[in-house]
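Number of protein chains: 2
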Amino acid sequence: MKIAIYGYGNLGKGVEFAVAQNPDAELVGIFTRRDPNTVHPASKVPVFPASEISNHQDEIDVLVICGGSATDLPEMTPVLAKQFNVIDSFDTHAKIPTHFANVDKAAKEGGHIALISGGWDPGMFSLSRLYASAILPDGKDYTFWGRGVSQGHSDAIRRIPGVLDARQYTVPVPAAIDAVRSGKNPELTTREKHTRECYVVAAEGADLTEIERQIKEMPNYFADYDTTVTFISMEEMKKNHSELPHGGSVIRTGVTGNGSHHHTVEYRLTLDSNPEFTASVLLALARALDRMHRRGVNGCKTIFDIAPADLSPLSPEMLRAKML
Amino acid sequence: MKIAIYGYGNLGKGVEFAVAQNPDAELVGIFTRRDPNTVHPASKVPVFPASEISNHQDEIDVLVICGGSATDLPEMTPVLAKQFNVIDSFDTHAKIPTHFANVDKAAKEGGHIALISGGWDPGMFSLSRLYASAILPDGKDYTFWGRGVSQGHSDAIRRIPGVLDARQYTVPVPAAIDAVRSGKNPELTTREKHTRECYVVAAEGADLTEIERQIKEMPNYFADYDTTVTFISMEEMKKNHSELPHGGSVIRTGVTGNGSHHHTVEYRLTLDSNPEFTASVLLALARALDRMHRRGVNGCKTIFDIAPADLSPLSPEMLRAKML
Chain U
2 MKIAIYGYGN LGKGVEFAVA QNPDAELVGI FTRRDPNTVH PASKVPVFPA
52 SEISNHQDEI DVLVICGGSA TDLPEMTPVL AKQFNVIDSF DTHAKIPTHF
102 ANVDKAAKEG GHIALISGGW DPGMFSLSRL YASAILPDGK DYTFWGRGVS
152 QGHSDAIRRI PGVLDARQYT VPVPAAIDAV RSGKNPELTT REKHTRECYV
202 VAAEGADLTE IERQIKEMPN YFADYDTTVT FISMEEMKKN HSELPHGGSV
252 IRTGVTGNGS HHHTVEYRLT LDSNPEFTAS VLLALARALD RMHRRGVNGC
302 KTIFDIAPAD LSPLSPEMLR AKML
Chain V
2 MKIAIYGYGN LGKGVEFAVA QNPDAELVGI FTRRDPNTVH PASKVPVFPA
52 SEISNHQDEI DVLVICGGSA TDLPEMTPVL AKQFNVIDSF DTHAKIPTHF
102 ANVDKAAKEG GHIALISGGW DPGMFSLSRL YASAILPDGK DYTFWGRGVS
152 QGHSDAIRRI PGVLDARQYT VPVPAAIDAV RSGKNPELTT REKHTRECYV
202 VAAEGADLTE IERQIKEMPN YFADYDTTVT FISMEEMKKN HSELPHGGSV
252 IRTGVTGNGS HHHTVEYRLT LDSNPEFTAS VLLALARALD RMHRRGVNGC
302 KTIFDIAPAD LSPLSPEMLR AKML
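Protein chains in written order, with our numbering: chain U, 2 to 325; chain V, 2 to 325.
If you're looking for bench data, these hints aren't it; they were derived computationally from the structure.
Do not rely on the hints blindly, as some may be mistaken.
Below, in silico cross-link-like pairs of lysine-lysine (DSSO-like), each with a Cα-Cα straight-line distance of 30 Å or less [said to hold, decoys possible]:
| hint | chain 1 | residue 1 | chain 2 | residue 2 |
| --- | --- | --- | --- | --- |
| 1 | V | K217 | U | K185 |
| 2 | U | K45 | V | K141 |
| 3 | V | K194 | V | K141 |
| 4 | V | K3 | U | K141 |
| 5 | V | K323 | U | K194 |
| 6 | V | K3 | U | K185 |
| 7 | U | K96 | U | K83 |
| 8 | U | K109 | U | K3 |
| 9 | U | K240 | V | K185 |
| 10 | V | K185 | U | K141 |
| 11 | V | K45 | V | K14 |
| 12 | U | K96 | V | K323 |
| 13 | V | K45 | U | K323 |
Residues from chain U that keep clear of chain V, each with C-beta distances beyond 12 Å, as calculated [as the list claims (entries may be wrong)]:
| hint | residue |
| --- | --- |
| 14 | A157 |
| 15 | V230 |
| 16 | T271 |
| 17 | P314 |
Predicted, not measured: the structure shown is a model, and the values here were computed from it.
Glycine is no exception: its CB is placed at the ideal position from the N, C-alpha and C atoms.
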């Protein structure tokens with residue numbers, strides 16, 4: 002399958018690496034809104050201006066759209082789905098139904114297939130919730146995130162006057178995870194589930210007390226959490242906080258029989274690189290989209306609609322013989 | 002959907018309970034090879050002789066076949082797939098391709114849909130291996146089982162002269178799991194992964210030393226493991242070992258990018274009742290089969306072929322809005 006990347010940030014770079022790990026995939030181009038001469042891919046792949054993508058319709062089986070959910074994807078994905086099979090990692094949970102409707106309409110008009118909200122959350126975490134709740138209808142779901150970098154929270158800190166750089170880690174509370182795993186079905190507040198660790202580089206002479214107050218009292222982002230703020234140097238930021246680890250657990254506990262038998266289902270990810278893992282999920286989903294489109298399937302899909310066998314490079318016979 | 006149960010042992014009882022937890026499912030009958038008068042279901046459902054099942058074709062959407070993998074299912078599932086949509090939990094991994102071929106032929110002849118090897122292993126564990134290996138092609142899989150009762154190993158002990166009853170627990174070695182989770186990609190021998198705990202009730206005057214020797218030296222079952230044997234009374238067996246807990250972990254570790262970013266994906270089950278959880282998986286799969294058959298799908302399937310959305314009682318719109 003011929004893959005192209007639309008948008009070459011952390012996620013786009015991850016897709017480039019993922020293509021290299023999958024022998025049945027070939028990267029045919031990177032499309033960027035920047036000046037193509039300023040983009041230097043890790044592989045020997047041509048870089049084109051995003052504006053010229055319509056000229057490449059015959060060369061691309063699946064286009065991986067690597068844009069932001071706030072403003073990029075709601076606009077890009079429907080437009081591109083008219084001309085290409087596309088996949089994105091749209092992660093604004095509340096706006097998924099609207100985005101799905103827009104992309105579905107566009108993809109059907111163009112005779113293409115599209116998948117929105119691929120990745121791990123939404124994505125593999127959503128799938129874990131679906132499977133576990135279908136198996137254990139009488140139960141309760143919990144999701145814990147981290148330890149990992151939240152890009153949104155880091156950005157929020159960077160907007161505070163006097164802050165030069167910031168990195169925020171979301172950290173699950175071990176006692177809360179233990180209580181859930183034990184099947185106690187605890188009712189947990191936001192504060193009881195996660196803490197927030199902030200590493201901040203402040204400008205010389207900045208009022209550190211004021212910065213810390215603004216972070217800890219910030220509504221939605223930090224006010225509901227136990228938050229720690231640690232001021233560090235720019236050197237320390239670059240040395241110890243340049244990676245984007247993440248992960249977490251989806252746990253469902255439930256009962257069967259007459260209610261006396263308890264079960265715990267847990268799906269856990271520990272990721273050194275959030276964007277590279279997300280990109281790896283997208284590439285497996287792209288394989289499924291390519292196959293489904295060749296079978297005549299059009300319109301917008303989600304990870305819920307993809308038969309697992311379509312994600313694997315192995316044949317159905319091999320999967321049954323080796324993996325079932 | 003109208004469900005019937007074929008075979009009323011621990012698994013069949015689990016299916017009966019699972020139907021009661023799912024408002025969209027109705028149990029229309031239990032079919033047994035025993036005298037129906039000796040079978041006492043937990044619910045008010047009619048019990049029929051297995052030999053009369055052909056008379057009930059119009060009343061059953063999906064027949065859940067609850068037989069043993071050694072001799073029952075290879076014969077039962079193909080025969081029944083000619084007349085019914087069927088599902089089984091066939092778990093002899095090496096014989097899955099043959100069983101699949103037989104069931105596929107029969108189901109297609111009858112215009113029915115069938116699913117083999119549903120449950121958690123094979124089943125949810127297989128699915129976890131497939132997803133994780135499709136996402137992380139450059140990686141390694143590990144499966145740990147337990148702590149849980151192995152019926153096969155318990156039966157093997159019971160066949161030793163002088164043994165009245167036995168229960169065998171498969172126990173994963175914590176240090177091995179920790180090494181895998183840490184991403185060290187260890188090469189583990191059979192002995193390093195699991196230990197086996199045996200609880201045995203011996204006949205009065207039996208040679209306990211000889212029983213212990215026969216257990217520990219039994220090829221395939223125990224010889225390759227560190228095995229402990231504890232002799233207990235029949236009362237203690239009934240009091241402390243009457244349940245069938247099980248579970249385990251499927252772990253895949255892999256790398257992305259230039260190989261320096263490590264990832265760990267773990268799917269873990271902790272189950273108070275192996276047969277009830279297996280039955281709960283079968284019921285979710287039965288839902289999918291019923292829907293797929295109404296859409297015109299015939300032939301044999303596995304859990305790899307089932308789009309996750311088909312397992313859930315929720316509509317695609319609800320799933321996208323609430324669970325993605």
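Now the hints, each set against the structure:
This hinted pair does not check out: V:K217 and U:K185 have alpha carbons roughly 38 Å apart, beyond 30 Å. Distance check on the hinted pair: U:K45 and V:K141 sit about 29 Å apart at the alpha-carbon level, within 30 Å; holds. Simply put, V:K194 and V:K141 have alpha-carbon atoms about 15 Å apart, close enough for the 30 Å limit, and the pair holds. With a CA separation close to 27 Å, the supplied pair V:K3 and U:K141 stays within the 30 Å bound.
Pair hint V:K323 plus U:K194 holds up; C-alpha atoms about 20 Å apart against a cutoff of 30 Å. At roughly 34 Å between alpha-carbon atoms, V:K3 and U:K185 are farther apart than 30 Å, so this suggested pair is violated. Straight-line distance between C-alpha atoms of U:K96 and U:K83 comes to about 20 Å, which keeps the hinted pair within the 30 Å bound. The hinted pair formed by U:K109 and U:K3 meets the criterion: a straight-line CA distance of about 21 Å does not exceed 30 Å.
As the CA atoms of U:K240 and V:K185 are separated by approximately 24 Å, the hinted pair is consistent with the 30 Å bound. Under the criterion of a C-alpha separation no larger than 30 Å, the hint pairing V:K185 with U:K141 is inconsistent with the structure, at around 33 Å. Between the alpha carbons of V:K45 and V:K14 the distance comes to roughly 13 Å, so the proposed pair stays at or under 30 Å and holds. Restraint check: the Cα-Cα separation between U:K96 and V:K323 comes to about 11 Å, which is no more than 30 Å; the hinted pair holds.
Pair hint V:K45 plus U:K323 does not hold up; C-alpha atoms about 42 Å apart against a cutoff of 30 Å. For U:A157, the shortest C-beta to C-beta distance to chain V comes to about 24 Å, beyond the 12 Å cut-off, and the non-interface label holds. The non-interface label for U:V230 is consistent with chain V: the shortest C-beta to C-beta separation is roughly 28 Å, beyond 12 Å. Not every C-beta of chain V lies more than 12 Å from that of U:T271, the closest at about 4 Å, which undercuts listing it as non-interface.
Interface exclusion of U:P314 from chain V breaks down, the closest Cβ pair being 7 Å apart, not more than 12 Å.
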